[in-house]
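Undergrad: Each protein sequence line maps, in turn, to chains A and B. The opening position of the first sequence corresponds to residue 1 in the numbering used here, with each subsequent residue numbered one higher. The opening position of the second sequence corresponds to residue 578 in the numbering used here, with each subsequent residue numbered one higher.
Bear in mind the hints are in silico, worked out from the structure with no lab data behind them. Quick caveat, the model's predicted, so the values are computed rather than measured. Quick reminder that beta carbons are idealized off the backbone N, C-alpha and C, glycines included. Treat the hints with care, since some could be wrong.
[Claimed, not checked] Calculated from the model, a selection of chain A residues having no Cβ within reach of chain B, i.e. all distances over 12 Å: (1) Trp15; (2) Asp32; (3) Thr54; (4) Asn72; (5) Met87; (6) Thr318; (7) Ser321.
[To be verified] Covered stretches of chain B, as calculated for chain A (at least 3 residues, CB under 8 Å): (8) 1152-1158; (9) 1188-1194; (10) 1200-1212; (11) 1252-1266.
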Amino acid sequence: MKGKPAKKTRRVVAWMNKAEYDHVFEHLYSRDHVLQKHALHRISAWKGRFGQNTPVAVASTADLVRCQVLDNTGNLEANDLVLLYGMALVRFVNVITERKQTKIAKPLRLLARNLNIPEWVVNLRHDFTHNKLPSLKWCRKGCEFVLDWLHKEYWSRQLGGQLTEDWNHSEEEDEEDCAKRQEEILLCRKKEIEGHKKVRELLISYEREQFQVYEELEEQEWQRGVWPDASADLSWILTQIKHFAADSREILVDVLVQDGFLIPTAEQLESLDIDPSEDSVDVFSPCLPRVFHQFWLPLLKVLSSFVFINLILDRLFTELSNEPSSHRAYYIASWISEILLCNSRSELKAHRQLKTSKERIFVNRLALAWQTLISACVNAPCPATPFLLQQILSDMDKPLPPDTQQNLLQLCSIYTQGYHGNSSPEPSDPAQPVYTLQSLQERLKASQNRDAHSSNHTPASLQAPPTEELQEKLSPEVLQERNSALRGSAWSVCTDKVPWKQYPLGKVPGQSEDTSCFMVESYFTLNVFDQQVELDQLPRHHGNRSVPLQSRGATGSDGPLWTHNDLSKLKAGLKLF
Amino acid sequence: MTMKVNKFSSHAKHKQQNTSTHHRLTNRHKKCKLKKISLLNACPGPAKLEQHLTEKEKPRLKRLKKSYAKPVTVNPENSFSEEVKDKAASGCFTRVHTNGDTELEGSSNSEDSQEWNAYANSVLQNGTESLTSPDTDQVDKDGLQYHAQLDHTQNRAVLVMQQDQTLCFRGKCLLTCLYGSVEVLGFTIEEGQQPYQLFSPPSHCPLTITALGNNSSSNKNKKEGRLEAKAIVRKYLSLEPCKRLINEVDSNSCVMLLEPLDTPLTRLLTSFTELKEIFGINLLELRSQAAIHNPALSVVGVKALRQPCAQGLVMSHTYNEALDRLLSAWAGEFDRCPIILVCGAKNCGKSTFNRHLINSLLNQTASVEYLECDLGQTEFTPAGCLSLNTVTEPLLGPPFTHLRDPDHMVYYGQAECQTDIDRYLESLKSLWRHCSGESPVVINTMGWIKGHGLKILIDLIRLLSVTHVVQLTCKDMPQCQLFTPDFLKTTHGWQTHPPTPSTLTEAPASHLAVRSYVFLNIISEFEGAGKSGEMRFQRSNELRDLSLLAYFSKMQSPEPGPMRPLHCFIPYQVPHSSVAIGVVHCEVSPNHILYTVNASLVGLCCLSEKVAGTGGPVVLSQTPICQCVGLGVIRGVDMARGLYFLVTPVSPSVLKHVNCLLVGQITLPIEQLTMQYGAEAELPYVTSDYSFEVMGAGKIHIHKGLLRRCFIK
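Chain A on its own, in the form it takes in the complex (with noise of 0.2 Å):
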């Protein structure tokens, strides 16, 4: 589940953002006990929550100013702090140097070197250890330079960005994990491969089936002039390609848009009674003939969702802007064309043949990536280019001013007038200079800047799901049910309008940007005594006897004083900050 080849991995660490990082930083070395303390306890919760993934760092720091905090304060002896500040240095010196440790020992003195820690830190750890015990001052002068080392080494450089670094070298990630992607990797690709044959078997099925269709047609004359609905085979075969392509998409459109399937072959065109030859099409305004859109029509319909009609968009402007064939080209073009009319407006539904819905992909209007789209579109220049970028302009949510389409357009068909002839819509004006397709990018991409600042909305990745379902929606019923089970007690189901997808888990409305907006001053301390189980009252099944037991301290030879009970007791009335 973890650890994916990205460049730079999103990990979870205790801090809600940096401002709390930096406040327990600065505080952590304000040389202020009062802060000091603050920051301690707030690296308590910290360890709540990274559990044993505390960083060995922010863990030796909290141990050492916990003893500069105790030295300050003035209520301990010499000796008792030197037995705190050996336990601190004793453990930071081994922890620091153990993630350099390898397979055979390497003495502490070495790794510390390595680690820019001088030899005398490393010595005085093991006068905590093996010899007689330092003064006070050299614990002093130890915690000190430690502090110092943690501030350069970690605090300073931790969250400031300096580093780049490549994360796939990281120290966290052992060989287990290399494996693992290697692992990852095969599967993927053994599993990509079997993919293509599979969908490819399919969509042959699929091919063969309506073709059936399409004989038996042409044998009736076209009495009844409309496709049947799929037949048992047919909807099967729908079926499964609907499941594959829930799986992967991307192989299916990958696919889908090889020859054979949605750009037709010489041969395919013949047997559905389709002059292949290009003169008899409009190279400038794509259009695909209607028998082999009806050949499509219901696998498209079976997959138009919002995700693959987007997929199959951009996958279609990638194949085209890799100069196709004319007749890859025109056909690539003609199913843009088909789709962007499929969500065009309605008024401009009438532009072409009136299409019944019944032979539209989808009906509902999509909200598609226009920017991208807009890229996509003059980045693969070709003779229908144009005819594109105009259905694109004219659909758009919100449109480009009149001015910028006028030139984009104009560019546009300059651009492709190399194929044009005389036809281009807009009369080309003498006065523009000739724009390579670059500077028509760089255009763009002013223009779209203009237009992020208008309008907030940026396209929605291909990958993430559309969000506008995922809030859940509680009917009144179901409401009232909840609450009504839970009266009685404190608990209700949160009524307020607060549309909470939008709220990360930790995050409420009217949250304060705030790092102490977590902080009780007043709580209330719960004394809970566990519920004690006697070992008498075990229950003993079917006359089972289970073994004389005895608790220890009943012999009164070799038990503790205390039983767990009394130390629960004990413990209650222990205050800890």
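Here the structure of chain A is known, so what remains is to put chain B in place on it, guided by the hints.
TA: Quick look at chain B alone, frame taken from chain A:
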């Protein structure tokens, strides 16, 4: 409750019908104790409130059951053969790849356009090409092994298996036995029983379906049986596929209906990119090309495996022997209700054995009680929970596929018990009080069997008056201490002492002979025994994350739709002063405690004390041992109004009683925090700037078995 009765009556029925015919099963003493069962049904446990509540919750989960298998690990000893396989496999990859390419290019320059025009069926030559490729021949040959046909209209498959035939598979499906009976991980499924969910993900050893044939054949003659079976096949299949299958049907074959399995759980898991393959095959199987191509089976989500990957569960001689002993103990050879404690080091097969044992017991009894003492690899709950469960449905998949609300649960909050052994043992004792003792009890223990772990086990054996101790050991592992009754006579536990001769004479009750227990040692012989799984989904932290995901998948709507991340749910709210909060695993300053609580996973617990603060949070001074009803996530803290917001799958009628929230070391899977679609604010607690290159940025690292220079030659 109704389920129990159903199960009981179905058993009772076939018991009556088939008493004389259960030859195969009699060696397992499959004598249904009608009396015992009816007794069980007649007396519900103490009518405690919580119990009542949990009971009510049950039907929702009842059908979610799964069993599961062992990790399969690459054995280094096999590296040679593996290499060979590797080569073969990579050869295949390339070939497949080339096929794909040729198909691609070949499509436009085909020559047989006549045939094409005649019947449009060669839309693409590659279509016909791949049909005749050598690959396909092999596929067909393998496909013959399994006679399965698809019902296209309903998208389900009918599978016919001959007696003793086995099908070892990866994937998932819903299995209904239409004719005869089959066995899966010890559980016998017979015609007329409800459909069962089978899950066989790559995290564990694959499931095997074994056809047992038809038990009731003696009542009818062979011909009648055959006709009946054929009639069933006809009922489920249309003419064409039926024709292809009908000749395979005989009076002692088994007919099964396999349907695709699509639950909120499977939808949620597969919606994560990293978990797409969670119901696929593992790398080892991929390398050895173990998947058998069978279109009908793969449509319903079953990938049959061929040898050598189709070994399934490897049962050693000692394994079978122990299982037989335990089953006969329940069937009456033993005069007490068995309390079976299963122990052994990590990865020796404890939990698979547990599932097998429970499933086998469920052939004979309506329910089995299960005490979970393993905090890290829990069977029915997310990690960190100790629980007592009544199992009435077989376990036919790994733990994360059959999470259930236990009868009683205590939230320990950590995946290991070292930090507070007393609380661990006290928690178990408090659970044990609720054990009814009317059905067999299976106790699962930790893999920690050294040092204090050994002492804890000794305590458990004594405290829980265990009647059978099953210890799994691995063949290749250094010998570990066996928990024989003799050993127990002389060893101290953490809380308990061995009986001393003096107390025997002093204590008046001790003249009753002290009962010992039966000790059974299983030597695990499967490949990779004792080693932790290294492949995807096999490591313990991944399995823990899966369990948590599965737990929260209960919140997803049962209808297909987008999978909602946790932050999109409408939360419950509760005032700060009405619930106590506590951190289980470390001391947190109470003034700062909300920094720990916010966006954390919490155990939802019920204290008997009334919780009423004076404004501000109520902080526990120590961790109580109390009933836990489930887990939730503190989705936010409203400081202005003094409210906690909580999202949880626990139903409101149970949530009502919750007055204590415990934060433990068990954390949400990181994706739940790092991937929150739709959230507009900056994600709290998430950063992409944290650098592990910086000194001291990692957690404490422990080198085990560090070598000293002086010991190296």
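Undergrad: Determine for every hint whether it applies to the structure shown.
TA: Hints, verified against the model:
{"no.": "1", "hint": "Trp15", "verdict": "violated (7 Å)"}
{"no.": "2", "hint": "Asp32", "verdict": "holds (17 Å)"}
{"no.": "3", "hint": "Thr54", "verdict": "violated (6 Å)"}
{"no.": "4", "hint": "Asn72", "verdict": "holds (19 Å)"}
{"no.": "5", "hint": "Met87", "verdict": "holds (15 Å)"}
{"no.": "6", "hint": "Thr318", "verdict": "holds (17 Å)"}
{"no.": "7", "hint": "Ser321", "verdict": "holds (20 Å)"}
{"no.": "8", "hint": "1152-1158", "verdict": "holds (count 5)"}
{"no.": "9", "hint": "1188-1194", "verdict": "holds (count 6)"}
{"no.": "10", "hint": "1200-1212", "verdict": "holds (count 5)"}
{"no.": "11", "hint": "1252-1266", "verdict": "holds (count 14)"}
Violated hints for the displayed structure, listed by number in ascending order: 1, 3.
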